[in-house]
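Peer 1: Line by line, the protein sequences give chains A and B.
Everything in the first sequence is counted per the working numbering, starting at 1 for the first residue and increasing by one.
Everything in the second sequence is counted per the working numbering, starting at 1001 for the first residue and increasing by one.
Just so you know, these hints were derived from the structure itself, not from any lab.
None of the values given here were measured: they were computed from a predicted structure.
Hints are supplied without guarantee of correctness; some may be wrong.
[Claimed, not checked] List time: in silico BS3-like cross-link candidates among lysine-lysine, alpha-carbon distance up to 27 Å:
#1 B/Lys1314 - A/Lys186
#2 B/Lys1234 - B/Lys1224
#3 B/Lys1125 - B/Lys1366
#4 B/Lys1234 - A/Lys198
#5 B/Lys1217 - B/Lys1314
One letter stands for each residue in the lines below.
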Amino acid sequence: MSDEKGSFGVSGTGDTSGYGGLVRTQVSPGSSERPFGSYFDEVADELERAYPEFNAGIERILVDRNELTLFVKRTHLIEVALMLRNSETLRFEMCMGVDGVHYPEEIGRELHAVYALLSLTHNRRIRLEVALPDGDPHLPSLVEVWGGINWHERECFDMFGIIFDGHPGLTRILMPDDWQGHPQRKDYPLGGIPIEYKGATTPPPSERRSYQ
Amino acid sequence: MTTFSDPYAESRETTEGRVYSVTGGDWDSLATEIGATKEERVIVNMGPQHPSTHGVLRIILELEGETVTEVRCGIGYLHTGIEKNTEYRSWTQGVTFVTRMDYLAPIFNETAYCLAVEKLLGITKDVPERASVIRVLMMELNRISSHMVALGTGALELGALTPMIFAFRDRELVLNLFEMISGLRMNMAYIRPGGVAVDIPSDAIPKIRETVDQLRKNFKDNEKLLIGNTIWMKRTQNIGYLDLAGCTTLGITGPVLRSTGLPWDLRKTQPYCGYENYDFDVITTDSADVYGRFLIRMQELEQSLRIVEQACDKLEKLEGEPVMVADKKIAWPSQLSVGVDGMGNSLAHIRDIMGESMESLIHHFKLVTEGFRVPAGQVYVAVESPRGETGVHLVSDGGTRPYRVHFRDSSFNNLQATSAMCEGSMIADVIGAIASIDPVMGGVDR
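Chain A on its own, in the form it takes in the complex (with noise of 0.2 Å):
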């Protein structure tokens, strides 16, 4: 995560709060160490023993807030995403879905695809995360493993440009076909136009002198 500096997000001579020289610097949950506690033990344990690759696929083990997130290599997506449906100790039936984060600071790791996974037969959650560069954006489309990511992905490749390999139909599914760019990116801009109402006018939502 990026750090902070001063009250407003403005530079020069905008602020006026005296919090210009403040930089605070933000920290990200970075990975944990066992016993994770709940069922996370169980999870891992288990994902451990059925897939002899975990070292090498598994890149981390984050448990943070109660949630366990699982940061998968690209490269070993499809197997680990097999490995939680198909094992009986497992047995993640449903994927609720896919969405994207954007993280322009971290360089070569810009895009998150992120995996709420589900299973019915144990009553647990868990998440998938894994990172791309932005110059690469690939990834193995995991439409052959659970059929209800299919328009997930679409929208993941619409707001993000992630492109999702071996999907049956990457189209755009929000925005119109020929939409240029990638709207939820962070480069891309919000837009919106100046609002004057009663003698006053406000501009739109991502010029205005904001807090950070």
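Chain A is fixed; fit chain B onto it per the hints.
Peer 2: Frame of chain A, contents of chain B only:
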């Protein structure tokens, strides 16, 4: 021989009877083209402005005669960029945006979002019990109003007008309760991170109880009209079939999943807002068809009424307790109240911060304009909305605004089942199948 001239529907006598040719588009050339080939295959665009497609949904049908061989859905006509917009507002302002996603279930969007914010803040356990009970009360009332639209418009689309009249009559009663409690009938922004915006009015409980009794009587009208009705059953039984394997692979939740016989309801399996303290049944059928889903929605109305009654009992016991977390760094500072023109600031609070206490004014200003900070991290929180699992994936970078808000909307996901339900069926059954999914395009497109 032309008998009369209508620019849109000309008709002429032929040896095989009267033939009508429709103009107004390029129907003439299309008809000629189809006539020239021996193929029966026609591709029809239904929607996005068709009255039976349940919203601005475009359905692309490939037909052989009246049999559907392929169905695809075209969505995105109602995309408003809500997820992107929330990244430019404070965490509290986000409620006002997400309530507009699935506009028939605004309370569920708000609750899911607020539960996620609270989980990120780590204050889930600090939310007062009275606030949780009010949330449950509002959610179950909202489930009734949403199911009313699902049943009413579903019946309307299959040609039954009267159930729609009854359903909207009953929905009106629920919306009146929403107006009394939150000041608004839809898109209330009533659930806030940390609790609810304002306590329910002192005379609300008797009115809710009165309405519950009235609704229980009114529901019988539609039950008598539809349950066991031969025409209704012929239009809905064995239509839109989707079994458990289909549901799991497509990630389908809600009434469609429960119509396969699996009692999966997040209120029971992964309780939130204290649902484990309420007595209610999870309704299932095993017919996996449109009729089964209709029956489930009908019976869920009664279960929701049961929960509403229990919530009223609890609220009477919790009279006078707070409805917002005690932490003044998070709780909305202004003391809101519902007036004749909706919810607004209470005048007593304005007088206090403007005339009495400079610190209160500064605190109010900081929290309203800047908002609170949320520690970095991500969470996924799901609630059982009328249409299935509404999941919220929230990412915070530690700032006063969300870094990423993603809604896993149940209608968006469930609409994928259209192909599996409809291919091979008659074109008239497509309408019934889609009505049984009950997609709300505001949620699908966000």
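Peer 1: Any hints this thing doesn't respect? Which numbers, in order?
Peer 2: 1 and 4
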